[in-house]
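> Please take these sequences and the hints and turn them into a complete structure.
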Amino acid sequence: MDFLIDDAPALVVVLPLIVSAIIAFISSSRWPWIISIITLVVHLFISFELLSMVQISGVILYEFGNWQPPWGIAFKIDGINIGLQIIFSSFVLITTFYSRKIFLSEIHPDDSGKAYSLWLLAVGSLNGIILTNDIFNLFVFLEISALSSISLIALGAGMNRRALLAAFNYLIIGAIGATFYVIGVGFAYSMTGTLNMSDLVVQLSQYSTGQLAIFAGMSFMLIGLMVKSAVFPLHLWLPPAYSYAPSAVSTLFAALATKAILYFFVRLIYEVFTIYDQYLVIFLDYVLMPLSVTAIFVGTIIAIYQDDIKKLLAYSSIAQIGYITLAFSMNDQSGITAGFIHIFNHALIKGGLFMAIGYFAIFSQDRVTLSSIRGYGQKYPITSFALLICGVSLIGIPLTNGFVSKLYLFQALYYNHMFITIALVAISSALAVIYFWKIVESLWFSSIKTEVVSEDPAVYIPIWIIAISIIVLGIFSAPIVELATMASNNLIGGFSN
Amino acid sequence: MKVEAIYSNPLPHVLILTAIVVGVATSALGLALVLQIYKNYNTVEEKEIEAEELK
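Keeping their order, the protein sequence lines are chains A and B. The number in our numbering is simply the position in the first sequence, starting from 1, with 48 added. The number in our numbering is simply the position in the second sequence, starting from 1, with 1176 added.
Derived by calculation from the structure, the hints in this document are not laboratory data. These numbers come from a predicted model, not from an experiment. If a hint is listed, it holds; no wrong ones were tucked in.
Only pairs whose alpha carbons sit at most 30 Å apart, straight line, appear in this in silico DSS-like list of lysine-lysine:
1. A/K427 x A/K486
2. B/K1231 x A/K486
3. B/K1215 x A/K149
4. B/K1231 x B/K1215
5. A/K427 x A/K149
6. A/K486 x A/K149
Structure (structure tokens):
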């Protein structure tokens, strides 16, 4: 069992990838799911093992094939990314439990081996994005996650053929984003001769006054990542992709995919390129911050006018990504803490919402629209109530984790004396009430009277786990806040204005 | 006698090769999607697909 301890950092990523290659060939509808569950449980176990190792010995640097960095590829595991990874893995496990019934209703049962194969591929690559310490390795993981997500989105074609167009759009836009990123990596490599992030920090110090090639490289990398994480106005691929994907897939990606990339985005700004703080401050203040505020408003207002609920949630995701990038653009500790808190909380909230809507999609056997869910509040009370908790949290009502996010965001804005932005964020939260109210209205306040229909525990238990953790983390927010504070302390070291 | 070994840096080759492989995979997936789009819409003309969706 020694290898399990020694090579744990590699196994976290490699295990889902290997299993994914195996289960692609299983044509049964049940076994791929069972194997995925077992894999993810083992995966979570290894992650906890890693966490205890990090707590004992501090940062772990894992060198692949014993090639020492900066030549070889390295994973750097610290208290933050392993914490992020454990939260993500637990969420993936819950989603996988939930996904079986949903997949069965949306794709052909014989295809479930392939679907879960792609599913594990996406999970493995997202973990890689979080753990890697090599900018080119990140590009490879970025592409693995993009290709597997595109294929998963295209699986939605069984329900609605527009999924194919959405997947193709994502493919083209995502490929442009990835190309931007890799051009940036090329510039950085040509100037510094290194790809390792820790070494890059050291090598960049010789160009402390800045060089045009490095600025160009940095801009290419940041813009490429902004495309991938759907920061307004580079978000156009996201709403159709999330709304036409099979519901289980929407849940996984809405919760995790963009967040993992945002984590790397922040690391790049505050850890790697910190010595160019004067340039970065301009980027943060005049590019990222206005774009985030616009994203919050555009996303929320478009969401208000949506009839299709999955689309509504996708546009609300654009707004929520706006909140996260707004927090990250503040260039101080309180802002980055708020951003990380919202990364965790929004993953739970949006995941729970997509889960509930995905369950409704089984019953309506069509697009879930505001008119098709009329009376569902009485018909499916268990799921509807969980949906209500998630939605209330999305708006930011006290006693939910969404409130904790908003609280820290307001605090950070206050520390930075951005009073106009405080007002704007408050207005946008009020606007969010409008679109969520429309859902509540069709669920409970319609004239249709229906009987209570029994719901499937295999589906509503995962949804309720999410709903309960939303409330628990809203009351006992300390673990999330501590992790986020640790993350921001780590990143902000050396970046001062 | 000291012989100076001249060799080229292998890393850029590896990077380009990886980028090519990724590019091939992306194109393959893209073409597979186009094929499916053709099967579903009987056309790959963007305007005709748009017209069909607006119906």
